[in-house]
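There are 2 protein chains.
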Amino acid sequence: MSYFSSDFKLGILGGGQLGKMMLYATRKFDIATKVIDSSKDAPSRLACDEFVQGDILDYDTVLEFGRSVDLLTFEIENVNVDALETLENEGKKVYPSSKTLRTIQNKATQKLFYTDHHIPTAPFSRFAYASEIEDAIDNGGLSIPFVWKSARFGYDGQGVKVIRTISDLKELPNTECIAEALIPFKNELAVIVARNESGEIKTYPTVEMEFHPEANQVEYVLCPARLPEHITNKAEALALKVADAYKHVGLLAVEMFLTKDDDVLVNEVAPRPHNSGHYSIEGSFTCQFEQHLRAILNLPLGKTESTVAGVMVNLVGAENHTGDVLYKNIEHIMAMDGVTPHIYGKKQTRPFRKMGHVTIIDKDINKARAIAQNVKETIQVISK
Amino acid sequence: MSYFSSDFKLGILGGGQLGKMMLYATRKFDIATKVIDSSKDAPSRLACDEFVQGDILDYDTVLEFGRSVDLLTFEIENVNVDALETLENEGKKVYPSSKTLRTIQNKATQKLFYTDHHIPTAPFSRFAYASEIEDAIDNGGLSIPFVWKSARFGYDGQGVKVIRTISDLKELPNTECIAEALIPFKNELAVIVARNESGEIKTYPTVEMEFHPEANQVEYVLCPARLPEHITNKAEALALKVADAYKHVGLLAVEMFLTKDDDVLVNEVAPRPHNSGHYSIEGSFTCQFEQHLRAILNLPLGKTESTVAGVMVNLVGAENHTGDVLYKNIEHIMAMDGVTPHIYGKKQTRPFRKMGHVTIIDKDINKARAIAQNVKETIQVISK
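Heads up: the protein sequence lines correspond to chains A and B, in order.
Read in full-length UniProt numbering, the first sequence has 126 at position 126, and its numbers run on one by one without any break.
Read in full-length UniProt numbering, the second sequence has 227 at position 227, and its numbers run on one by one without any break.
Watch out, some of these pointers could steer you wrong.
Below, a list of computed lysine-lysine pairs in the DSSO-like style, where the Cα atoms sit at most 30 Å apart [to be verified]:
no.: 1; chain 1: B; residue 1: K367; chain 2: A; residue 2: K303
no.: 2; chain 1: B; residue 1: K92; chain 2: A; residue 2: K328
no.: 3; chain 1: B; residue 1: K9; chain 2: A; residue 2: K354
no.: 4; chain 1: A; residue 1: K363; chain 2: B; residue 2: K234
no.: 5; chain 1: B; residue 1: K93; chain 2: A; residue 2: K328
no.: 6; chain 1: A; residue 1: K328; chain 2: B; residue 2: K303
No lab work stands behind these hints: they were computed from the structure.
Please model the complete structure; the sequences and the hints are all you need to start from.
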């Protein structure tokens, strides 16, 4: 099969920023693409060969879309997985697979998968309804504090809450959920694994994620993680084990906790290019979006080492600002050493909305981290 | 002025591969673009906000196009420069300027410009018609061998010929031209200079170009050049002097000869992103296309140092192949270390047509050069 400047057409479900950046790689390879998103102003509306406005949670829409392309992938997990399964049964290639996506879409199922495959993860209990949690506490089957996670549709800190008192329970939606042990961790880590159809598999270096304490969003991603090699080796080995358990094809971002005892536990995974890999556009031999393409098209995987150290800063909408976006002081950060802004193209900002990211590369990770802080303190995503 | 996710619109004359790669940077910054090219299948037809099919050599077409955008740039020199001048007189920003472009478009004028500005260049004679050359030889004013160059519209080796015998003169078109001394040079070098409206100026490292002996096209570009620092310093200083003489805004690629006596002479310049800077997409802190945007929008310039060594191999159509393109063995080169292909998206190949390029990055320039040779000997751009 020749993909380059050919009649082959890749379908992509979802047209957000991840899809937009995936299109840099399809353009580079001249691979024709068809994108579907519910918004006509989706960041991926440009640079694809064909754009369709439609609901990717709708069975018939996804089925019809999938039938019109040669291979189907997605840039967001929240898609109709039944349609993907039907397409696979019809012989269509869907990567990552519907089976992987189905397991991942439900956090309870995902956690059980780790338990079944002897993959270390934080202890948890599963509840069909959040209302059952209080009974479990009363019965002594669960104790406060713990982390409540909605089983479905959690994204960017939505659907995750630390429960410290009984009264915290009142605000929870009464849906399927898990209660996870509150692990006293030193660091949150991530490793992106790429695996192609032939089984060639590679990991990117372990990255370290620093979170915003309130918004539960990643503020800084550092590559490499500032940790000893025996820890990062352990994280990479665990990520490989996870990807192997899923028999994954495509990218798999494995998020992990490093406990105070230097144990590494899997938190959750994302079967796609991931925020923790954005640094790779500037800092790696092979950017994650190109790697995802290589993996799903069963091409040889690219080198995953870094060329330089990289820090990624998320650009999220400032609090108290809603409306037409303005990137205040962006010209000041562009004067800093090794700084590249990525603007996703969303016209409207609102508090904590992901509007873009900034990559800082430098030969020295500590210098990059210092510049990243300066970037963070200088640029403001506000409304006009 | 805010360019990012705003109503600002950048116009780009020409929709070839350079424009296509420029759009990677406009998409990254979410800067709206309008592109014009005579071909509806131009590589830049995707990823711009608006595409217009039209003749960029036509005065009225360029004028109308320029009036519809906020700032105008180009990806090819062969555009209607009178229209650019009118637009400037109307107050439109055009970068690089019409004045620079007018000087450069004619090789005789360009050479005179260097002489006027005390910029070292190979000695030359100017002829209004090629038919005058034979008289000059007869009179003893010119001696064989020399390099004939058409004053206008030379591109990729067209319009350049080494004249070794009187009979070589017969095939020349009878147009304005120069006869340039045949300099016995050791190397062909290039330095890309970026300069913004405020006068901030930076050079990329000196690169070394290796040419295909017959097609007179660059086969390999190596960054850094494998030359002593006192030579590359001299080349970079000369490139700065040239950009300063033009009061250039945007990128200026300065091609130079290194003579056997270690003198550096300016050959010619291109006022735009350039083939000799393609390595920068993977190998530099700031890719040349982003840098061009920074320069013309008067944003701070990015760091021009390399993160790793890079070698660029042009992918040109194989001899004896014309028709629908096939990139034979592309999957084999993708398995090599640090290799990324760029496919421009031209559906039809023909002998020596530029169809794409491949970048090889490595911490060691000699290792990258060896892999580049392997790439060159493996991939074939043929017809189906």
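Violations among the numbered hints: none
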